[in-house]
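S.K.: Given next are the chains, with one letter for each unit.
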Amino acid sequence: MKKKILILITLFMVIVLGVTTIPEKVSADELSDNIQSELDNLDLEELQDFYDGIMNGKDKDFNTVLGNILSGEYYSDYGSVADYIIKIIFDDIFKMLPMFLSVIATALLCGIVQSVKSTFLSEGVSEIIFFVCVLSIVLILSAEMLSIWNTAKNIIENISILNEIMSPIILTLMVASGGKVSASVYKPTVTFLTGGIINIIVYAVFPLIGLMIVFSVINCFSGSVKLSKFSEFITGTVKWIIGISFTVYGLFLSVQGISSATFDGISIKAAKYAISNSIPIIGGYLKDGFDLMVAGSVLIKNAVGVVGVIALFYVILSPVIHMAVVSLLLKLTAAFSEPLSDSNVSNLCMGFSKGVTYITVAMLAVGFMLFITILLMIFSANAFI
Amino acid sequence: MKGWVLSVIATVLIVALLSLILPSGRTSKVIKSVLNIIVILVIIQPLLVLDVNNFTVNNLFDSEDFSYQYDYLEYVENVKLDSYGEEIVNILSDLGIKIEKSELYIITDGEADGFPTVKKIVINLENAVINTDTEHIDIIEAITDKLTKHFGLDPGAVEIHE
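Here the protein sequences line up with chains A and B, keeping their order. For the first sequence, the working numbering begins at 1 and goes up steadily by one. For the second sequence, the working numbering begins at 1 and goes up steadily by one.
Note that these hints are calculated values from the structure, not bench results. Just so it is clear, CB atoms sit at the ideal spot from N, CA and C, and this is done for glycine as well. There could be a bad hint or two in this list.
With a cut-off of at most 27 Å between alpha-carbon atoms, the simulated DSSO-like pairs for lysine-lysine come out as follows [said to hold, decoys possible]:
| no. | chain 1 | residue 1 | chain 2 | residue 2 |
| --- | --- | --- | --- | --- |
| 1 | B | K32 | A | K229 |
| 2 | A | K226 | B | K149 |
| 3 | A | K87 | A | K153 |
| 4 | B | K32 | A | K226 |
Away from chain B, derived, C-beta distances all over 12 Å, residues of chain A [what the hints assert, rightly or not]:
| no. | residue |
| --- | --- |
| 5 | Q48 |
| 6 | Y78 |
| 7 | I85 |
| 8 | F90 |
| 9 | L97 |
| 10 | L109 |
| 11 | S115 |
| 12 | G243 |
| 13 | F290 |
| 14 | V306 |
| 15 | F313 |
| 16 | P319 |
| 17 | A324 |
| 18 | K354 |
| 19 | F368 |
| 20 | I372 |
Taking beta-carbon pairs under 7 Å as the criterion, some of the chain B residues facing chain A (in silico) [what the hints assert, rightly or not]:
| no. | residue |
| --- | --- |
| 21 | V12 |
| 22 | I14 |
| 23 | A16 |
| 24 | Y68 |
| 25 | Q69 |
| 26 | Y75 |
| 27 | V79 |
| 28 | K80 |
| 29 | L81 |
Given these sequences and hints, build the entire structure.
M.R.: Structure, rendered in structure tokens:
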């Protein structure tokens, strides 16, 4: 008898547990179906084209990555990313090495000319030879500088394009998940980034950096024309412009994002309560189409945001490494040429290196601002649920 | 901008070359000072023609405004309206009335904000199956009372056709 009662109780427990676990599975399947139907109705073609164009076989394609993020199966192979970075570094070093060796050779020639100046050559002739040596170094390095300049402008343009593609998608999903006020706040913020910050960087900061490099070069040409203080003035101006833009944008974004998220969160909770007095049941939080839709929109928004961050990372990665390598090699060249030649040659290389550094900083500033924007758009809208 | 930079570079190159070929002497110092002044004038030349009065901050914020994906928002709204319909069917079912969703007509605020607000509900009970024993007028009152409380509507916002 006791055994029969025990068996009956065990059977009852199994049935009860089985019934209460089923809604979770049903909810997960319903959510997954809901997400798929939302994705079918969402236009992600532009983002897909951009992402696949940037990746170019480096990683999985857009649809695979998005699907993995949505199903929680995405993982980053840090080993292969690290290998890729190391490969870029060494490729760049070996590619740039001949150029920098020729600069060092020219600097050495300069040094030799300077040392035999008093013995074999007249002052005028030695000055002309020195002038020609410095000019040849400038010509060698200018080609690389122009290439870096154009690359940085292209990267910033790509960042702007990524922002223009991603923002409508994320803001639409934000509206769909109930973040109407947040979306209306972030819309001008995104326009501010694309139109304001990027325009300031491209049309004010970049030309000033170019001017800074030009003045550094001019200062090294001749002892009669001194423009080093001009160069320092421009350096200070560039630092202030980047710093102020960054600070203003960050403050504006943070304050607006936090306050709007709170407003939307309260509105949504009030709306949900008014509609269905929704109280989550045990084992099944998402009990109706309303919650499924909101949850699906939030998940897709987060996934699209993560994909955007990955795309941004790969947009910036290769150029930043290249610029860092060039800057370091220029400093190394300056270090080698200092004992071999006139101080003007090493100052020239240092001037170029500083220019490359500032170009990199300007590019990273824009990328970082977009990164913050995406993160805030993801996290502030998650406060609704 | 490009023209200005090239003019600065050209001026400095010329000045540097001239400094090299100038014979040394008292006059050369004067000539070098004049050449340096010319270099400075070339450098600050754009500032002299800068038109600050026509510059506004709005010039920097010149970018295309983008719009939401309204097709997607419409799809989301339809799904949410569908869930409202299910809510109404469930409420009527609790009152003993079996009705299809197609017999309901939900009017919302019409704003594409992702959360359609119900403004009016029209129910056609012609084809509904009523299982209750209560009197006819009580059913209508009960439905109106339940729906207005549930959706936060005015009593006149629920219209029932039999």
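S.K.: Please verify that the nearest CB of chain B lies beyond 12 Å from Y78 of chain A's CB.
M.R.: With a cut-off of 12 Å, Y78 of chain A remains clear of chain B, as the shortest Cβ separation is near 34 Å.
S.K.: Go through the hint on A16 of chain B and say holds or violated, using the shortest Cβ distance to chain A against 7 Å.
M.R.: holds, 4 Å
S.K.: Are all C-beta atoms of chain B more than 12 Å from that of L109 of chain A?
M.R.: L109 of chain A clear of chain B: closest Cβ-Cβ about 18 Å, beyond 12 Å.
S.K.: Restraint: Y68 of chain B near chain A, CB-CB cut 7 Å. Satisfied or not?
M.R.: It holds, given that the least Cβ distance between Y68 of chain B and chain A is near 4 Å, below 7 Å.
S.K.: So is G243 of chain A really clear of chain B, every C-beta pair being over 12 Å apart?
M.R.: holds, 17 Å
S.K.: Closest CB-CB distance from I372 of chain A to chain B, is it above 12 Å?
M.R.: Answer for I372 of chain A: holds, closest chain B Cβ roughly 18 Å.
S.K.: Any Cβ of chain B at or closer than 12 Å to F313 of chain A, or is the non-interface label fine?
M.R.: holds, 23 Å
S.K.: If you take the shortest Cβ to Cβ gap from I14 of chain B to chain A, is it below 7 Å?
M.R.: violated, 10 Å
S.K.: Can we confirm that no CB of chain B comes within 12 Å of the CB of F90 of chain A?
M.R.: holds, 34 Å
S.K.: Grab the minimum beta-carbon distance between L97 of chain A and chain B and tell me whether it stays above 12 Å.
M.R.: With a cut-off of 12 Å, L97 of chain A remains clear of chain B, as the shortest Cβ separation is near 28 Å.
S.K.: Against chain A, with CB atoms and a cut of 7 Å, does the hint on V12 of chain B hold up?
M.R.: holds, 5 Å
S.K.: Find the nearest Cβ of chain B to the Cβ of P319 of chain A and say whether that gap is larger than 12 Å.
M.R.: P319 of chain A clear of chain B: closest Cβ-Cβ about 22 Å, beyond 12 Å.
When each numbered hint is compared with the structure, violations occur for hints 2, 13, 22 and 29.
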